[in-house]
Structure formats: structure tokens, C-alpha cells
Amino acid sequence: MANIQRTHLDDLENQSVFIFREAYHAFKNIAMPWSMGKDSNVLVWLARKAFVGRVPFPVLHIDTTYEFPEMLEFREWASKHHNLNLIVKINTEARARGIGYETHDPVTVTHELKTVALQQVLAEYKWDALITGIRRDEDPTRAKERYFSPRNAQFEWDYKDQPPEFWSQFVTTAAKGEHVRIQPLLDWTEVDIWRYIQRENIPIPQMYFARNGKRFRSLGCSPITHPIESTASTIDEIIIELEATKTTERAGRAQDHYERNAMQKLRAKGFL
Amino acid sequence: MIRKENAQPSTPDGGRPTSDIEPKLKVVFVGHVDHGKSTLIGRILHDTDSLSEGKIEQVKKACAAEGMEFEFAFLLDALLEEQKQNVTIDTTEIPFRTTRRQYAIIDAPGHKEFLKNMITGASRADAAILVISADEGCANRADVTPTC
Numbered sequence: 001m002a003n004i005q006r007t008h009l010d011d012l013e014n015q016s017v018f019i020f021r022e023a024y025h026a027f028k029n030i031a032m033p034w035s036m037g038k039d040s041n042v043l044v045w046l047a048r049k050a051f052v053g054r055v056p057f058p059v060l061h062i063d064t065t066y067e068f069p070e071m072l073e074f075r076e077w078a079s080k081h082h083n084l085n086l087i088v089k090i091n092t093e094a095r096a097r098g099i100g101y102e103t104h105d106p107v108t109v110t111h112e113l114k115t116v117a118l119q120q121v122l123a124e125y126k127w128d129a130l131i132t133g134i135r136r137d138e139d140p141t142r143a144k145e146r147y148f149s150p151r152n153a154q155f156e157w158d159y160k161d162q163p164p165e166f167w168s169q170f171v172t173t174a175a176k177g178e179h180v181r182i183q184p185l186l187d188w189t190e191v192d193i194w195r196y197i198q199r200e201n202i203p204i205p206q207m208y209f210a211r212n213g214k215r216f217r218s219l220g221c222s223p224i225t226h227p228i229e230s231t232a233s234t235i236d237e238i239i240i241e242l243e244a245t246k247t248t249e250r251a252g253r254a255q256d257h258y259e260r261n262a263m264q265k266l267r268a269k270g271f272l
Numbered sequence: 273m274i275r276k277e278n279a280q281p282s283t284p285d286g287g288r289p290t291s292d293i294e295p296k297l298k299v300v301f302v303g304h305v306d307h308g309k310s311t312l313i314g315r316i317l318h319d320t321d322s323l324s325e326g327k328i329e330q331v332k333k334a335c336a337a338e339g340m341e342f343e344f345a346f347l348l349d350a351l352l353e354e355q356k357q358n359v360t361i362d363t364t365e366i367p368f369r370t371t372r373r374q375y376a377i378i379d380a381p382g383h384k385e386f387l388k389n390m391i392t393g394a395s396r397a398d399a400a401i402l403v404i405s406a407d408e409g410c411a412n413r414a415d416v417t418p419t420c
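Protein sequence lines correspond, in order, to chains L and C. Numbering of the first sequence is given in the numbering used here, commencing with residue 1 and proceeding in unit increments. Numbering of the second sequence is given in the numbering used here, commencing with residue 273 and proceeding in unit increments.
Quick caveat, the hints were computed from the structure, so don't treat them as lab data. Honestly, I wouldn't trust all of these hints.
[As the list claims (entries may be wrong)] Below, a list of computed lysine-lysine pairs in the DSS-like style, where the Cα atoms sit at most 25 Å apart:
hint, chain 1, residue 1, chain 2, residue 2
1, C, K388, L, K246
2, L, K246, C, K296
3, L, K160, C, K298
4, L, K160, C, K384
5, L, K160, C, K333
6, C, K296, L, K49
7, C, K296, L, K160
8, L, K28, L, K89
9, C, K388, L, K269
10, L, K269, C, K296
11, C, K327, L, K269
12, C, K327, L, K214
13, C, K332, L, K265
14, L, K246, C, K332
15, C, K356, C, K332
16, L, K246, C, K298
17, L, K160, C, K356
18, C, K388, L, K265
19, C, K298, C, K388
20, C, K388, C, K296
21, C, K327, L, K160
22, C, K332, L, K160
23, L, K176, L, K89
24, L, K265, L, K89
25, C, K298, L, K269
26, L, K28, L, K160
27, C, K384, C, K356
28, C, K356, L, K265
29, C, K298, L, K265
30, L, K246, C, K327
31, C, K296, L, K265
As the structure is a prediction and not an experimental result, all values here were calculated from the model.
Required output: the full structure, derived from the provided sequences and hints.
Here's what the structure looks like:
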């Protein structure tokens, strides 16, 4: 008899595909934010698996205008490669008001150029569901998330009174102006993501691999995202590095560490 | 309980643990409010060397801000409201690993008011650990939780 073993990655993949299909069945008007980062690209890959090769809803890039040029190049290449219906949104109004990392703190800029930009584009397209690539192990407030997580019309996350979520019974309705965040990667860890990228050979930006003794472990806006010391230039080497590291994944992301509970405050107001 | 010698994280020369392919075991911690569920989990994460440097620093800062000694529960009770009231409001899931296999620990609130959050965490679990305080003995949540 063939030795077929269901692996941990198979479990995660199956669960994510299930969540994608539940979401697509429940909501009429879905979009999927795509940052071009590693988790985002796994999300696109899983969406293609869930829907037999094509992503059946628009993919949204919130462009803060502080993107790394390499990421924008990747965006152009990958959106063609995966045949994505790409929408790019910039909060031009905030940029015109002078909001930027040169003059403002990272929490304010992140809120204006990411969360408010998302509010604007959501109001325009009237999406009732957003598919996000957040994972529980990234941040302790993300660790408290639901797979289907409602946001009110003001974009607020009512973390003190989240809906129950028993045995895959999800919140599958949103009132007018409200939306539900659907989070198929919640159970994945950073190492799971890398093993899956390796197993499936998923295209990702080269900035994750070490060059001149440094690599990016997490990618965001260029002025507030810092590379780590690393010689890991292959996925195998990255996995070995992650198994030994004692540093958190988002240590190089300034907005998370600006003040106590910075992520809670950002996320309560609608940040992913 | 976890034996210390099994709890070391794998090292580059130690090869990949078999846990890579083995499905993850999800364990929920349930019990009466204030009987120490979050504290026990925090201690397990600490003793198995599963905590990052940044994490411990973050918790130290939060404890200092609340005028408290180091509190393991703050590793899981990350919401400001949870830290101020020293109570778990919502369920949290934290991955952790020994050389033998990988786990997810699910911390569930013990307070009656947050019962729906406890069940949300418990419904995802493969196994459960019921925590009962030796001082207080069985309190009302300990009677209720096993039947859920």
C-alpha cells in the first residue's frame, strides 16, 4: 500500500481552502488586500487553489508611496503572472496634507496611509468582506482574532466582545457599511509559511534572501522597515535561522513598537 | 507535564524535528477564573524556551506600567484591558514546539461573562487541561467546563 501521510502543511492548506470557499459562498462583494509580502503571496496561491486556478475577486494593494522599488517591480510581474485583477489605492488626500514619515510618527502615518486608505477604497467599491493574510503568531492581538472577524462602519474592531466561533460556524453577514475580515492564515506560523513556499515553489520578492549580510524578515514601508543581520540566502537556510532565532518576526517594523500596545491601538481602529 | 529534556528547540545541527509533518496538537486550558491558567501557560512557554527576547521585554514593560512584578499571564493577556484588570477576556492561541512535536496552546477565559470566548477556544482543541486551584478547590467554572 502506498505510504501516503497527511502532513501538517496539508492540514493548514485544507483549512485555508475551506475558509476561502466559505467566504466566497457567503459574501457577494469580496476583495483581498495584497502587500506582495510572503504571507500575501501564500494567500494568492491558496486562493488560486481554492478556485481552480484563478482568483475570482479583486486584489488590492494599499500603496503608501513609501514602497520599496523592488516590491513595486514584483507587483507588476506577479499581478500578470497570477492574472490578478489588481486595484492600487493611495491616500492622496493625506499625502497632499503633508502626512509622511519625514514629519510624523509611524503610528499616525500607518493609520493614515494604510487604514484610512483602506476605508476610502472600501467605501468606493462597497466590499462587504476582506480576505487578510494575518497570522496569530505575528502579534499577541492577532493571536486573539477570529477566522471571520466583523468590523463596524467606523472600521472598529470590538475586541472586548468578539462573536463566538464554534466548530467552523462563522459570522457570514455584514450590515450595510460594515465588513467582515476573513483570515485564512490565522493558524499558520512563520516557519509554516516558509515550508509551504518551498513545497509549492511560490514566487516571492528576493528581498527576503540575504544580500551583503542582511535580509528582510518582514516587509513594510521603506523608512520604517529594517533588515536583520543574516546570511540566509535560501529557504532552507531561512528555516534553520528561524528555528534558532530568539527575535520576533516584526522586530524590524517601527510602528509596532512606537508605544505600549501600539498594535492594539492601530488594529482597534481598523489596521489589519 | 513536559519533560525539560524534550523541550529544547531544534538546532541547525540537530536536524529537522519530525514535528514538521506531524499535525499540530491543540490543547486548551480551561478552569475557574483566577486559578492560574494563563500563568501556567506562560510558565510552560518560559520553561520550554519558547519565548522570544522581544516578548519578555514587552511583558516586563507592561508589568512595570501596571506597577506589578513579572506576570507570566501578560504573555497571553495582551490587551490593555486584560492587563489592567488582570483577567483574560478573549481566547488566545500560541504555537509552541518540543523536539517531538508541535503544539498550539489555547488559553481560554475563566470568567463566566466570557463563556462564549472560552467555548470558541475549546471548540478548536484536540485535548484539554482543566486547571483547579489547590487552595480553592472546585469552583463553579470547574464544574461547568468539562460538560461543554
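Pairwise hint evaluation, C:K356 against L:K160, where the allowed Cα distance is 25 Å at most: Distance ~13 Å between L:K160 and C:K356 Cα, so the pair holds.
query: Is L:K160 within 25 Å of C:K298, Cα to Cα?
result: holds, 24 Å
C:K388 paired with L:K265 [C-alpha distance capped at 25 Å]: Holds: C:K388 and L:K265 sit about 24 Å apart, inside 25 Å.
query: CA of C:K296 to CA of L:K49, is that 25 Å or under?
result: OK: C:K296 and L:K49 at ~22 Å, within 25 Å.
message: Can you confirm whether the C-alpha distance between C:K327 and L:K269 stays at or below 25 Å?
response: holds, 23 Å
Agreement of C:K296 and L:K265 with the hint, judged by alpha carbon distance not exceeding 25 Å: Roughly 31 Å separates the two Cα atoms, so the pair is violated.
message: Against the 25 Å threshold, does the CA-CA distance of C:K388 and L:K269 hold or violate the hint?
response: holds, 24 Å
field: Distance restraint between C:K356 and L:K265, which requires alpha-carbon spacing of 25 Å or less
entry: holds, 15 Å
message: Check whether the Cα positions of C:K298 and C:K388 lie no farther apart than 25 Å.
response: Satisfied, since the Cα-Cα distance of roughly 18 Å is no more than 25 Å.
- prompt: Between L:K160 and C:K384, is the straight-line Cα distance small enough, at 25 Å or below?
  reply: holds, 14 Å
message: Hint check: L:K176 vs L:K89, CA-CA at most 25 Å. Holds or violated?
response: At roughly 22 Å apart (the allowed maximum being 25 Å), L:K89 and L:K176 satisfy the hint.
- request: Assess, step by step, whether the Cα of C:K388 is no farther than 25 Å from the Cα of L:K246, and give holds or violated.
  value: Distance of about 34 Å is beyond 25 Å: violated.
Checked against the numbered hints given earlier, the structure breaks hints 1, 7, 10, 25, 26, 29 and 31 and satisfies all the rest.
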